[in-house]
Amino acid sequence: HLENLGNFVDQVAIKNFQEVLLGQKAAKDVADEWAKFLTKEQQDWMAKNKK
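Numbering (the working numbering), first residue to last: 1 to 51.
Everything labelled a hint here was simulated from the structure, so no lab data went into it. Only true hints are included.
Using 30 angstroms as the maximum straight-line C-alpha spacing, the simulated DSS-like pairs for lysine-lysine come out as follows:
1) K40 with K51
2) K15 with K36
3) K40 with K28
4) K15 with K40
5) K48 with K36
6) K25 with K36
7) K40 with K25
8) K48 with K15
9) K36 with K51
10) K50 with K36
11) K50 with K40
12) K25 with K15
13) K28 with K15
Put together the whole structure using the sequences plus the hints.
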């Protein structure tokens, strides 16, 4: 599992989603941030779990 996924789901995703709903951020910007975060987490996990 990705180590920081719980924090992402519980805090970052909720905060960002609210910002989109309030018009404070564009949905594309939030999606790009999420993609960047999740890609880094996956790369870190893959580096730690090489066989």
